[in-house]
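Trainee: Construct all of the structure, not just a fragment, from the sequences and the given hints.
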Amino acid sequence: MKIVVAVFPGTNCEIDTKYAFEKIGCDVELVFHKIDTLPKKTDLVVLPGGFSYGDYLRSAAIARFSPIMKAVIEFANRGGQVLGICNGFQMLLEANLLPGAMKRNQKTHFISKYQHLKVINNNNTFLKKLKVGDILNIPIAHGEGNYFISEDKIKDLYDSEQVILEYCDSVGNIENPNGSLSQIAGLCNKNKNVFGLMPHPERAIEGILGSSDGVKMLEGFLK
Amino acid sequence: MKIIVNTHLKKGVLDPQGKAVHHALLALQFDEVENVRIGKQIILQIEDGDKTKTLKRVEKMCEDLLANTVIETYTIDIED
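Chains as they are written, first to last, in the working numbering: chain A, 474 to 696; chain B, 62 to 141.
What the hints contain is simulated information worked out from the structure, not anything from laboratory work. It is possible that some hints are incorrect.
Quick look at which bits of chain A chain B covers, simulated, 3 or more residues with Cβ under 8 Å [claimed, not checked]:
| id | segment |
| --- | --- |
| 1 | 525 to 536 |
| 2 | 573 to 587 |
| 3 | 616 to 622 |
Heads up, the beta-carbon is just placed ideally off N, CA and C, and yes, glycines get one too.
Mentor: Structure, rendered in structure tokens:
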């Protein structure tokens, strides 16, 4: 299983992401944003978290036009699997590979804490090892994670099984840390090959870190 | 020529920063403030030329990069 982690100026989660995927037995290569072609036999591209280009203009607005992103968009359009975590999720939104946009958190603060999530849909590669309704404990760390999409499009997102994760409390009741519409924490595209989420599964892979719930998520990609 | 681009959240899209600033203004007893919206101003220095053509180009810049049209609108003004 060959995984490519794209690195932009200001990315800061690439080593954690590499470590997490190596721990579950993957071959991981870090690729710099100036490269315009993906390595041969890439099975999954991960856009990791961080503050690409200092979050100037809008989170991920500039990273979206990097040479590597052109290759990632082509790869995704050919059916290749792409996972965007946090700032990577924002890149997928800016690149229109996923629908909607991110606003500043409702209370304007940067939030960094463990947060419970509920699996809304598992009929996809990423969450296939989990059950609908499963509750996961995964860290979030973002200032702009307030998901927005126009009201008329939200029903379609659920109908086409694109909403995969929602924020909740420890027993699964509604909890909304950042103001996201419908507590949305993670999405996929209609073809179910592009995934994005604000929480950081790569930071929850060992009990010593407080949770290993991220392992079952990342393992979904294993062949 | 100098082009001023203003971007701000669309009407109906809740503006968390604007809301926070509104609260702060009310706390300072500026009770007359009814609403606050925060946007960005981007100033472009562009070589002089055909205005219509320049405006078209700037509009494309807004659509491609300067604004996220899912949540933001923009205005373009020329300062001579």
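Trainee: State for each hint whether it applies.
Mentor: The hints, checked one at a time:
With 4 residues having a beta carbon nearer than 8 Å to a beta carbon of chain B, the segment 525 to 536 of chain A meets the requirement of three or more and the stated coverage holds. Coverage of the segment 573 to 587 of chain A by chain B holds. Counting CB-CB distances below 8 Å, 8 residues qualify, and the rule asks for three or more. Taking a C-beta to C-beta cut-off of 8 Å, the segment 616 to 622 of chain A contributes 3 residues in contact with chain B, enough for the three needed, and the coverage statement holds.
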